[in-house]
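2 protein chains.
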Amino acid sequence: MRMESKLINMGKQQNFKVGELMPGLSVDNVIFGFHDNQLKVLLLECMNHRDWMLPGGFVLKSESTDAAAERVLYDRTGLNNVYLQQFHVFGDPSRSRDSLMSSAMKSMELPFETDNWFKQRFVTIGYYALVEFEKVVPVPDSISASCAWHDTDKLPRLIFDHKDIIANALTSMRHHLNYQPIGYNLLPKEFTMKNLQSIYETILNRKLDRSNFTRKMLAAGILDKKEKLFAGGAHKAPYLYSFKKKEYLKVLKDGFNNEF
Amino acid sequence: MRMESKLINMGKQQNFKVGELMPGLSVDNVIFGFHDNQLKVLLLECMNHRDWMLPGGFVLKSESTDAAAERVLYDRTGLNNVYLQQFHVFGDPSRSRDSLMSSAMKSMELPFETDNWFKQRFVTIGYYALVEFEKVVPVPDSISASCAWHDTDKLPRLIFDHKDIIANALTSMRHHLNYQPIGYNLLPKEFTMKNLQSIYETILNRKLDRSNFTRKMLAAGILDKKEKLFAGGAHKAPYLYSFKKKEYLKVLKDGFNNEF
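Top to bottom, those sequences are chains A and B.
For the first sequence, this note's numbering assigns the number 1 to the initial residue and increments by one for each residue that follows.
For the second sequence, this note's numbering assigns the number 1001 to the initial residue and increments by one for each residue that follows.
What the hints contain is simulated information worked out from the structure, not anything from laboratory work.
For every residue, glycine included, the Cβ atom is placed at its ideal position computed from N, Cα and C.
You may find that some hints are simply not true.
From the structure, some residues in chain A lie toward chain B, with a derived Cβ separation under 8 Å [stated by the list, open to error]:
no., residue
1, LEU25
2, SER62
3, SER64
4, ASP75
5, ASN80
6, ASN81
7, GLN85
8, ARG121
9, ILE125
10, LEU155
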């Protein structure tokens, strides 16, 4: 078991022994940000300055897969307190075939030997999150050249099947909008219904009917409607809303009782 | 590596060597059936005639996780040609703790030794399917006493975290209804809108608005409206519909363009 004593570089924070890790299992995080009505994704630049990758890593035998996704995200980008949502397992054996592994290792400028830990087949669990773009200052780990936001519709060259993973995360996030609220960390404390709708429209990449959107949002019971402060000409000003934090978190956990 | 030569009983069809399997990874299938307006789940009875379990098993190093779920379902219940949908990964280390493993092995009347394959931590990938109850004649494998349908709201005692897995599958299936059609294998060739709505209502466990449901279903473009054959008193008879197979399968794959 000479692999047991090998150290695996897990990013900037820690190295782990192979024996401490779940074999053949990894996590990959797709971090979406919202800026200027554009959806972006956070990527790490490989050492070869050509290929990019998702901030991913391995699962310790002692931790849950959810905790692994959080730790890996922090170790590789410096981001923490991010609500990560598991969305899909990528379990095709061809995703870990030798040629892909070897080219990814080259991109990261890591050695790829015969008995390499990376040479086994990996099943990866995808997680995604939607974060507040402005508050995020990502910092790359020691095995990456840089860490940067990319428009989801103009992705650079990515290692492995990371392009497919991003596409799948985007589809999943769009589906999840049907039963999970978003916007809590993306909007100022008070916002208009139009502000909220524009986030949904950007993510869904299509226009929504205003009255239908307003009705569904209000029915979810997660919004507080604010009093208009000024009378007079102000009757034309839109209402301001804020999220009811407790109700929002409850709906995030339980799902909307969305009318079909 | 003496574990490598051990044979793992994978059900009625095959035994595999430990070295052929992905370590620490399993799949569990939640098979829902619909009968008499009641939602049911297919379970295997452990040899001790007291505990029940989901038809689950391991992943060969050479096969995709999706193919593993199909193979395992066939080997353990005799069911094939079932469209299995991955819904969640159960990756908490406590789900494979010794006491749970040992009690599950006892229920199956399998030995639980120190160096047992089953003693490692398992991350399991959950799959679900909704099948035509009447056409299913499940046959248990050699490590199970029987195979039977159980009402989802009256579950027997289950091993591991299988009760949680079923609850999670039910929630996922309810969410998926928002962007995936159902009913294709559950209804006769021609059916009324009321027939289809009643399937949705049973799964969602609540009443739906009829005109809203009809509007959404027709908008999806997966239904063929049949001519009424008789005039006269027949104006009170409901329209009959059938699924457009090609469109149905396309929507199943791509998702509804569901208006929020």
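Do the hints match the structure? See the list:
no.	hint	result
1	LEU25	6 Å, holds
2	SER62	6 Å, holds
3	SER64	5 Å, holds
4	ASP75	18 Å, violated
5	ASN80	20 Å, violated
6	ASN81	20 Å, violated
7	GLN85	11 Å, violated
8	ARG121	6 Å, holds
9	ILE125	5 Å, holds
10	LEU155	21 Å, violated
This entry does not satisfy hints 4, 5, 6, 7, 10, going by the numbered hints stated previously.
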